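Chain R is fixed; fit chain A onto it per the hints.
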Amino acid sequence: MRKQLPNPYIPMLTEVVSITSENKVNDIKTIELKFKKEEDYKNFAYIPGQFAEISLIGKGECPIGIASSPTEEGTIKFTIKKMGTVTSGFHNCEVGDIVGIRGPCGNGWPMEDMKGKNIVVIGGGFAFSTLRSLVLYVLDDKYRKDYKDITVIYGNRDSGEVLYQDVLEEWDKRDDIKVVLTIDREEEGWTRKVGFVAAIVKEVAPSPDNAVAIICGPPIMIRTAVAELVELGWKDEQILNSLEMRMKCGIGKCGRCNIGNKFVCVDGPVFSLAELKKMPNEY
Amino acid sequence: MEQKILQKDQIAKLYIELSEEYNIYAPVNEKGNIVFKKIANSDEIELDYLNSKVPPKEVLFPKVEVLFEYKLDGKDVEITDRQDLDEKILIFGVRPCDAYSFELFANFFKAHGDWEDEIYLKKKENTTIIGMGCNSPRTTCFCTSVGGHPFQKDNIDLFLTDLGDKYLVEGISDKGKDIIQKLSWLSDAKDADVKKSEELAKQAEESFTTKFNFDLVTKILDENFEHPVWQEISESCIGCSSCTFLCPTCTCFDVIEENDKYNNRGRRIRIWDTCQSCLYTLETSGHNPRPAKIQRCRNRIMHKFSYYPSNYNCLGCVGCGRCIQACPVNNELRIIIDKILEIEKEEDEKAVA
Chain R
1 MRKQLPNPYI PMLTEVVSIT SENKVNDIKT IELKFKKEED YKNFAYIPGQ
51 FAEISLIGKG ECPIGIASSP TEEGTIKFTI KKMGTVTSGF HNCEVGDIVG
101 IRGPCGNGWP MEDMKGKNIV VIGGGFAFST LRSLVLYVLD DKYRKDYKDI
151 TVIYGNRDSG EVLYQDVLEE WDKRDDIKVV LTIDREEEGW TRKVGFVAAI
201 VKEVAPSPDN AVAIICGPPI MIRTAVAELV ELGWKDEQIL NSLEMRMKCG
251 IGKCGRCNIG NKFVCVDGPV FSLAELKKMP NEY
Chain A
284 MEQKILQKDQ IAKLYIELSE EYNIYAPVNE KGNIVFKKIA NSDEIELDYL
334 NSKVPPKEVL FPKVEVLFEY KLDGKDVEIT DRQDLDEKIL IFGVRPCDAY
384 SFELFANFFK AHGDWEDEIY LKKKENTTII GMGCNSPRTT CFCTSVGGHP
434 FQKDNIDLFL TDLGDKYLVE GISDKGKDII QKLSWLSDAK DADVKKSEEL
484 AKQAEESFTT KFNFDLVTKI LDENFEHPVW QEISESCIGC SSCTFLCPTC
534 TCFDVIEEND KYNNRGRRIR IWDTCQSCLY TLETSGHNPR PAKIQRCRNR
584 IMHKFSYYPS NYNCLGCVGC GRCIQACPVN NELRIIIDKI LEIEKEEDEK
634 AVA
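Here the protein sequences come in this chain order: R and A.
In terms of the working numbering, the first sequence opens at residue 1 and continues consecutively.
In terms of the working numbering, the second sequence opens at residue 284 and continues consecutively.
Hints listed in this document are in silico derivations from the structure and should not be mistaken for laboratory results.
Be aware that a few hints might be false.
Computed, partial: chain R to chain A, Cβ under 8 Å [claimed, not checked]:
1) Y9
2) G84
3) I150
4) V194
5) G195
6) I251
7) C254
8) Y283
Just a sample of chain R residues kept apart from chain A, beta carbon distances all over 10 Å, derived [what the hints assert, rightly or not]:
9) T30
10) E32
11) H91
12) M111
13) G125
14) K145
15) N210
16) R256
17) N258
Just a sample of chain A residues kept apart from chain R, beta carbon distances all over 12 Å, derived [unchecked claim]:
18) G315
19) A323
20) E370
21) I402
22) G447
23) I455
24) S456
25) V477
26) N496
27) S525
28) L529
29) N547
30) C558
31) P611
32) D631
33) A634
Treat the numbers as computed from the prediction; the structure is a model and nothing was measured.
Think of the CB as a built atom: it goes at the ideal place given N, C-alpha and C, for glycine as much as any other residue.
Bound-form chain R, shown alone (with noise of 0.2 Å):
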C-alpha cells in the first residue's frame, strides 16, 4: 500500500541519469530515472507488472510500464516508443532533464501467487518491458529460490527489434534460466530460432503443471501463443496477460480505461485469461 499524497495529481520529480537507445531504427529508447527526493524514492515501492504515470512538465503525462525491477535499486527505467507529443518528448530527453513521475499504478505481475511454480513468460515485440523487470526479479539470488523452472520465449519482427541485449547476454550465462529467442524470418548471423512467437511455443511445448504463463505482445500474438498453450492443456487461470488502454489520471478517476465494471489502472492491468473471458471485448 502506497503513501497517499495529499493531491494525488502532482508528480514527484526525477532527473535523468542515463538514456540508451534500444533498437537499430532507434525509435525506442530506456531512460533511467533517479529521484530527487531519497523520500520519494522509498515511497515509490514497486513490484514488476506495474506501471508509472511519466510526464515532461509543460508536454504533458503518459502511462508507461516500469521495465526496471525492485532489485535494481537506485534508479528506475522506462522504455518508450516514440508515438506521439509525450513520448516523442522523451526521446529528445537528455542527461539531466527533469521528469515528474506518479505512481506506482496498477496491481502488477502476482508474484506472491507464482512462488512455487514454473514461470514461463512469452513476448513479442516491445512489449517486452514489465517482463524484464519480471525476470530480472525472480533471477535475483534473493528471490530465486522462490521460483522453479524459467523460461523465457522472446520473439521479434528481426534482429534489429530484440530490445535488452546487455540483460539477454547475462541470462544465456546462467545455467538456471531457458531462454529462447526467435525472429520472424531468416537473417545472416542470426544463430537462435526463426518463426513466429505461437510456433516457438508449440515446439518448447511447456508443461502446465504448476506453471503460470506470462504472455504479452501483439494482439494477434497473444491470440496465437495461447491457442497453443491451450493445446498443451493449459488452463485459462494460468494463464496471464497485461493490458494497454488510453489513460490519463492512471488511479482510477478520469474513467476512460474501463473495460465492463473494470478499471484498467488499478484493477488491471494484469489479467489472467479466465477474468478477460468474463469482461466484454472492449479493449
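For chain A alone, coordinates are given in the frame of chain R:
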C-alpha cells in the same frame, strides 16, 4: 428537529450574514438558463426554477480545473499545489437529486483503487448544502425510481420547503443546525407550516409520471451486453455528449497542460470529458476499443445501471432527467429503458410460446 421560517424577503439578510464566512453559489438566470454561479449579491439568486440546466456538480468539479501550476527555469521545475482548497463553500437551492449526486461523486473519488481525489474530497468536506424540496417535479424527473424523493433530506445540511411567500427551514446535519443557530433572527415555524410542507411532499411524490423498475433493468443489462437492441438504441445518437456533460454523476475528465510559453510557466488542468466521444478511448497507435456509437451508447447505459450497481451497490443515476431533456434527437433515457425492458418481455413471450 428545529424548524424555522425564512421569509422570501429575508434572503438578502441571509446572504449578507453567510457571505462573511462562505463563498456562496446559487441558481442564477444566465441568458435564459438556470446555472449555479458564485454570487456577489443576493439579487442575482433566481428563486423561481424547477432545476438548473447545468447541474451544480460544476461548483466542486468545474469544467476546467487546475491540478497544479508549474514554473520552468532552464532544466529546473517548480511545482505549486492548489492553495484554495480550504475555502468554505455554500451552495444554495440544491435539489435533492443533485444533493445525492455529490455523495455519489465523493464515493467514487474515494472508492475505486488506493488513491483518493483529495482535490474533490477536500472541497466537498468544506461545502455546506442548502437544499430545496421540489414542489412540482418535472415530467422528466424520476428520482423516486432510483431511491430518491422530491423531499429527500439526506445529503442536505439545511433543507428548505417553499411555502409560497416563505420557506420552512430545517437543520438536518450539524452544519445545517449551526447555521440555524447563527441566523438567530429566524422565526419559529408553526404546526400549520410543517403540516403544509408534509402535504406538499405528498403531492409532489404523487405527481411523478416517469417511473422505472431499475432492478429489472440492471438484471437485463447484465445478461445482454451483445444484444442487437444496442444497434437500435445507438442508431439515432449523434454523439453530441449533452447527456454526459449535463449528468450530475458523470465524473470523467481529460488532463492537459496549458502553457504560458512567454513566461515559462503553465498549469496542468483537468477538463470534463465524455465516453460519448470517439477520442475518449482512442490510443496513440490508432487502436480504439470503443470505435463506434454502439459501444459508446452502451457504455453510458451500462456504466450507470450495471457497472455502478456491481461495483458500488447503487445506481449511478439520481433521476434528475437532464439527459432526457437535453437529447436533441429524442433518443432519451425513457425510450432507451423501454427498449431494454422489451428484451425481457420478448423472452417471456418466447418462453410462453
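Hint check:
1. Proximity of Y9 (chain R) to chain A holds as hinted, the smallest CB-CB distance being about 4 Å (cut-off 8 Å).
2. The beta carbon of G84 (chain R) comes within 4 Å of a beta carbon in chain A, closer than 8 Å, and the hint placing it at the interface holds.
3. With a cut of 8 Å, the hint placing I150 (chain R) at the interface with chain A is violated, because the nearest CB-to-CB distance is about 30 Å.
4. Interface restraint check: V194 (chain R) against chain A, minimum CB-CB distance 27 Å, threshold 8 Å, status violated.
5. At about 25 Å, the closest approach between the beta carbon of G195 (chain R) and any beta carbon in chain A exceeds 8 Å, and the interface hint on this residue is violated.
6. Satisfaction of the interface hint for I251 (chain R) is found here, the shortest Cβ-Cβ separation to chain A being roughly 4 Å, below the 8 Å cut-off.
7. This hint holds: C254 (chain R) has a C-beta 5 Å from the nearest C-beta of chain A, less than the 8 Å allowed.
8. At about 5 Å, the closest approach between the beta carbon of Y283 (chain R) and any beta carbon in chain A falls short of 8 Å, and the interface hint on this residue holds.
9. No Cβ of chain A approaches the Cβ of T30 (chain R) within 10 Å, the least distance being about 19 Å, so the stated non-interface status holds.
10. Chain A leaves E32 (chain R) outside its interface by the beta-carbon criterion, the shortest separation being 16 Å against a cut-off of 10 Å.
11. Every beta carbon of chain A lies more than 10 Å from that of H91 (chain R), the smallest distance being close to 13 Å; the non-interface claim holds.
12. The claim that M111 (chain R) is not at the interface with chain A holds, since no C-beta of that chain comes within 10 Å of its own (minimum 18 Å).
13. Here G125 (chain R) stays apart from chain A, with its beta-carbon at least about 12 Å from theirs, past the 10 Å limit.
14. Under the 10 Å C-beta cut-off, the non-interface status given to K145 (chain R) relative to chain A holds; the minimum distance is some 30 Å.
15. Against chain A, the non-interface label of N210 (chain R) holds: every CB pair exceeds 10 Å, the least being about 31 Å.
16. With a cut of 10 Å on Cβ distances, R256 (chain R) falls inside the contact zone with chain A, its closest approach being about 5 Å.
17. The non-interface label for N258 (chain R) is inconsistent with chain A: the shortest C-beta to C-beta separation is roughly 7 Å, within 10 Å.
18. Every CB of chain R lies more than 12 Å from the CB of G315 (chain A), the least distance being 31 Å, so the non-interface label holds.
19. With a least beta-carbon separation of about 29 Å from chain R, A323 (chain A) lies farther than 12 Å from that chain, consistent with its non-interface assignment.
20. Consistency note on E370 (chain A): stated as away from chain R, and its beta-carbon is indeed over 12 Å from all of that chain's, at 16 Å minimum.
21. The beta carbon of I402 (chain A) sits about 6 Å from the closest Cβ of chain R, which is not more than 12 Å, so the claim that it is off the interface is violated.
22. Remark: the non-interface label on G447 (chain A) is consistent with the geometry, its nearest Cβ contact in chain R lying 43 Å away (cut-off 12 Å).
23. Every CB of chain R is more than 12 Å from the CB of I455 (chain A) (nearest about 29 Å), matching its label as outside the interface.
24. Consistency note on S456 (chain A): stated as away from chain R, and its beta-carbon is indeed over 12 Å from all of that chain's, at 25 Å minimum.
25. For V477 (chain A), the non-interface assignment is confirmed: its Cβ lies about 42 Å from the closest Cβ of chain R, beyond the 12 Å cut-off.
26. Against chain R, the non-interface label of N496 (chain A) holds: every CB pair exceeds 12 Å, the least being about 21 Å.
27. The Cβ of S525 (chain A) lies farther than 12 Å from every Cβ of chain R, with a closest approach of about 17 Å, so its non-interface assignment holds.
28. With a cut of 12 Å on Cβ distances, L529 (chain A) stays outside the contact zone with chain R, its closest approach being about 16 Å.
29. Consistency note on N547 (chain A): stated as away from chain R, yet its beta-carbon is not over 12 Å from all of that chain's, at 9 Å minimum.
30. The claim that C558 (chain A) is not at the interface with chain R is violated, since a C-beta of that chain comes within 12 Å of its own (minimum 7 Å).
31. Non-interface call for P611 (chain A) relative to chain R: holds, since the shortest CB-CB distance, roughly 23 Å, exceeds 12 Å.
32. With 12 Å as the threshold on Cβ separation, the claim that D631 (chain A) sits away from chain R holds: the shortest Cβ distance comes to roughly 25 Å.
33. The Cβ of A634 (chain A) sits about 26 Å from the closest Cβ of chain R, beyond the 12 Å cut-off, so the non-interface label holds.
When held up to the earlier numbered hints, the structure conflicts with 3, 4, 5, 16, 17, 21, 29 and 30 and fits the remainder.
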